[in-house]
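For the protein sequence lines, the chains are A and B, in the order given. Start counting the first sequence at 0; every next residue gets the next number (numbering that gives the first Met the number 0). Start counting the second sequence at 0; every next residue gets the next number (numbering that gives the first Met the number 0).
Keep in mind that the hints are not guaranteed to be accurate.
[Said to hold, decoys possible] 25 Å max Cα-Cα, derived SDA-like pairs, lysine to any residue:
1. A/Lys29 to A/Asp166
2. B/Lys290 to A/Gln64
3. A/Lys94 to B/Val263
4. B/Lys316 to B/Glu327
5. A/Lys94 to B/Gly118
6. A/Lys94 to B/Phe205
7. A/Lys94 to B/Gly267
8. B/Lys290 to A/Glu66
9. B/Lys290 to A/Thr63
10. A/Lys94 to B/His266
11. A/Lys94 to B/Trp206
12. B/Lys338 to B/Tyr297
13. B/Lys290 to A/Gly59
14. B/Lys92 to A/Leu198
15. A/Lys94 to B/Arg184
16. B/Lys92 to A/Leu199
[To be verified] What follows is a list of derived Cβ distance ranges for each label pair:
17. A/Glu190 to B/Glu25: 35 to 43 Å
18. A/Gly59 to B/Arg158: 44 to 52 Å
19. A/Glu126 to B/Ser61: 48 to 56 Å
20. A/Asn86 to B/Pro262: 29 to 37 Å
21. A/Val42 to B/Pro262: 34 to 42 Å
22. A/Glu102 to B/Gln130: 13 to 21 Å
23. A/Gln34 to B/Leu292: 49 to 57 Å
24. B/Phe164 to A/Glu102: 37 to 45 Å
25. A/Arg197 to B/Asn19: 48 to 56 Å
26. A/Glu190 to B/Ala293: 26 to 34 Å
27. B/Ala330 to A/Gly91: 44 to 52 Å
28. A/Val42 to B/Asn19: 45 to 53 Å
29. A/Arg197 to B/Arg333: 23 to 31 Å
30. B/Gln130 to A/Gly59: 19 to 27 Å
Note that these hints are calculated values from the structure, not bench results. Idealized CB from N, CA, C, for every residue including glycine.
Next come the chains, spelled out residue by residue.
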Amino acid sequence: MTDLTVVSGGLREPSSTRLLAERLAAAATKHLSAQGLSVTTHVVELRPLARSIADAMTTGFANTQLEEAFETVASADGLIAVTPAFNASYGGLFKSFFDVLPEESLTDMPVLIGATGGTERHSLVLEHALRPLFSYLRAVVSPTGVYAATEDFGVATDQPPLDDRVDRAGADFARLLASCGQRVRRSAFDEEAARMERLLNP
Amino acid sequence: MSAMQFGIFTVGDVTPDPVNGRTPTEAERIQATVAMAEKAEEVGLDVFATGEHHNPPFVCSSPTTLLGYLAARTNRLVFSTSTTLITTNDPVKIAEDFSVLQHLSGGRVDLMLGRGNTGPVYPWFGEDIRQAVPLTVEKYDLLRRLWREEVVDWEGQFRTPLHGFTLAPRPLDGVPPFVWHGSIRTPEIAELAAFHGDGFFANHIFWPASHTERMVQFYRRRYEHYGHGTAAQAIVGLGGQVFMRRNSQDAVKEFRPYFDVAPVYGHGPSLEEFTDQTPLTVGSPQQVVEKTLAFRDYVGDYQRQLFLVDHAGLPLKTVLEQLDLLGEVVATLRVEMEKDRPADVPNAPTHESLLAAKESSDD
Numbered sequence: 000m001t002d003l004t005v006v007s008g009g010l011r012e013p014s015s016t017r018l019l020a021e022r023l024a025a026a027a028t029k030h031l032s033a034q035g036l037s038v039t040t041h042v043v044e045l046r047p048l049a050r051s052i053a054d055a056m057t058t059g060f061a062n063t064q065l066e067e068a069f070e071t072v073a074s075a076d077g078l079i080a081v082t083p084a085f086n087a088s089y090g091g092l093f094k095s096f097f098d099v100l101p102e103e104s105l106t107d108m109p110v111l112i113g114a115t116g117g118t119e120r121h122s123l124v125l126e127h128a129l130r131p132l133f134s135y136l137r138a139v140v141s142p143t144g145v146y147a148a149t150e151d152f153g154v155a156t157d158q159p160p161l162d163d164r165v166d167r168a169g170a171d172f173a174r175l176l177a178s179c180g181q182r183v184r185r186s187a188f189d190e191e192a193a194r195m196e197r198l199l200n201p
Numbered sequence: 000m001s002a003m004q005f006g007i008f009t010v011g012d013v014t015p016d017p018v019n020g021r022t023p024t025e026a027e028r029i030q031a032t033v034a035m036a037e038k039a040e041e042v043g044l045d046v047f048a049t050g051e052h053h054n055p056p057f058v059c060s061s062p063t064t065l066l067g068y069l070a071a072r073t074n075r076l077v078f079s080t081s082t083t084l085i086t087t088n089d090p091v092k093i094a095e096d097f098s099v100l101q102h103l104s105g106g107r108v109d110l111m112l113g114r115g116n117t118g119p120v121y122p123w124f125g126e127d128i129r130q131a132v133p134l135t136v137e138k139y140d141l142l143r144r145l146w147r148e149e150v151v152d153w154e155g156q157f158r159t160p161l162h163g164f165t166l167a168p169r170p171l172d173g174v175p176p177f178v179w180h181g182s183i184r185t186p187e188i189a190e191l192a193a194f195h196g197d198g199f200f201a202n203h204i205f206w207p208a209s210h211t212e213r214m215v216q217f218y219r220r221r222y223e224h225y226g227h228g229t230a231a232q233a234i235v236g237l238g239g240q241v242f243m244r245r246n247s248q249d250a251v252k253e254f255r256p257y258f259d260v261a262p263v264y265g266h267g268p269s270l271e272e273f274t275d276q277t278p279l280t281v282g283s284p285q286q287v288v289e290k291t292l293a294f295r296d297y298v299g300d301y302q303r304q305l306f307l308v309d310h311a312g313l314p315l316k317t318v319l320e321q322l323d324l325l326g327e328v329v330a331t332l333r334v335e336m337e338k339d340r341p342a343d344v345p346n347a348p349t350h351e352s353l354l355a356a357k358e359s360s361d362d
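Full structure from sequences and hints, please.
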């Protein structure tokens with residue numbers, strides 16, 4: 000059983016960010032299934048959590064609703080994270096979610112990154128913003144991310160079609176996830192306690 | 000002797016009163032703190048604890064100066080800290096200050112060690128915040144030796160060596176003050192407290208009960224692991240935060256403007272959400288009694304309960320009214336907390352109980 004968690008930072012309803020996230024999840028599922036894995040997908044939409052995320056920033060703890068979202072992310076075997084591009088970076092709500100996510104939640108987690116935007120001019124947001132964020136969080140970021148501009152959802156352009164890019168990203172992510180093997184969850188609580196124990200009992 | 004101690008702890012903040020817009024002077028805040036401590040004794044509380052901060056808007060940079068003054072103006076109240084910064088203070092100075100305070104107060108003193116939550120305090124006092132954990136371990140080890148060994152020869156990583164050093168004055172009756180270790184977030188402090196068989200104080204007030212439960216149960220387990228007694232015999236303290244009026248609706252109405260802009264948690268969740276998620280109780284004395292009694296459900300029978308009643312710009316008059324109500328609440332809690340308390344759960348440690356234990360082990 001492979002659990003995929005999808006985090007979508009889209010703010011509109013319906014959301015092209017959510018749409019891209021679902022397409023990526025479907026592609027990843029297809030390729031993981033082809034390896035004989037049974038896949039379950041869980042979606043964490045950030046918009047309904049917007050106030051909870053802001054509250055967690057002021058209080059330092061997550062309410063029950065946000066705690067459940069944290070657990071859905073931390074317990075996954077792989078993460079698909081998709082955000083709209085705002086002002087040359089990821090959306091603020093998307094970043095804020097990962098700012099309040101407990102330490103070590105994404106350590107060793109295979110992550111497929113995606114972003115959406117009005118025009119293709121923002122496509123390097125994947126490489127300049129999302130990839131360093133997840134590298135910092137000690138995730139294993141899949142080499143192929145997908146950026147979708149509004150136009151990609153319509154007529155064919157001179158780019159490879161969105162379907163092809165999504166499929167390729169799904170295939171690469173499936174290979175990465177399979178080769179990463181069973182993920183061992185880390186616990187900041189246990190590790191801090193163990194570090195103190197070692198200091199006290201040299 | 001009472002099984003549990005009840006009291007108040009203050010962070011000594013100078014905060015504008017959001018209702019009338021007035022900011023007390025530092026002098027007024029310090030005098031208000033004195034008035035609170037005197038009131039705490041008058042209404043029958045057991046403990047008064049002060050925080051330690053080294054930056055505005057706080058006035059509590061010198062805890063033992065304040066506590067020495069308070070000890071002279073009271074007869075029964077026990078003084079403590081919340082917390083004394085073990086990372087940035089010199090353990091020799093901590094040992095000296097609390098030794099003198101023990102003698103002046105007739106043993107009415109203990110202390111709670113913590114790391115502090117203000118990053119720049121480390122560089123201001125010449126320390127490196129990245130070394131916070133090893134600093135805590137080394138400095139506390141030295142502090143224990145200063146109180147327990149007549150002549151200390153010591154060399155460490157973070158302080159100039161000591162050779163042939165004797166703490167003067169020696170601890171009152173040869174009994175070091177009881178030490179609590181206070182923590183908001185990290186299990187490291189729970190492990191340290193368990194290792195030494197000291198008390199563990201969970202701040203409790205800023206986080207959900209589930210977090211406090213995990214920390215306290217971890218501490219209890221480790222206390223037993225290190226052979227100091229059973230998990231149920233570990234020494235636990237909790238913070239709490241209350242605002243009371245006879246009529247609970249009046250309490251909510253009056254406290255809301257303070258809550259909404261309070262330092263630490265203001266501008267975030269609503270008062271209702273926060274009281275639902277944390278130990279904060281805003282309501283009638285009976286509601287405070289009920290919520291406080293329920294703390295035992297997740298930490299077990301414990302030894303010390305301190306309440307925060309004086310922050311966020313609440314005026315002194317209101318705080319003194321809160322203490323009157325708290326006196327009534329505590330009278331009820333004392334009776335209720337004794338019920339079903341297993342005989343092998345220790346009472347709150349005091350100088351007298353530690354002296355008695357020492358004398359019986361000397362025999």
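Where does the structure disagree with the numbered hints, that is, which hint numbers, in rising order?
-> Numbers 18, 29, in rising order.
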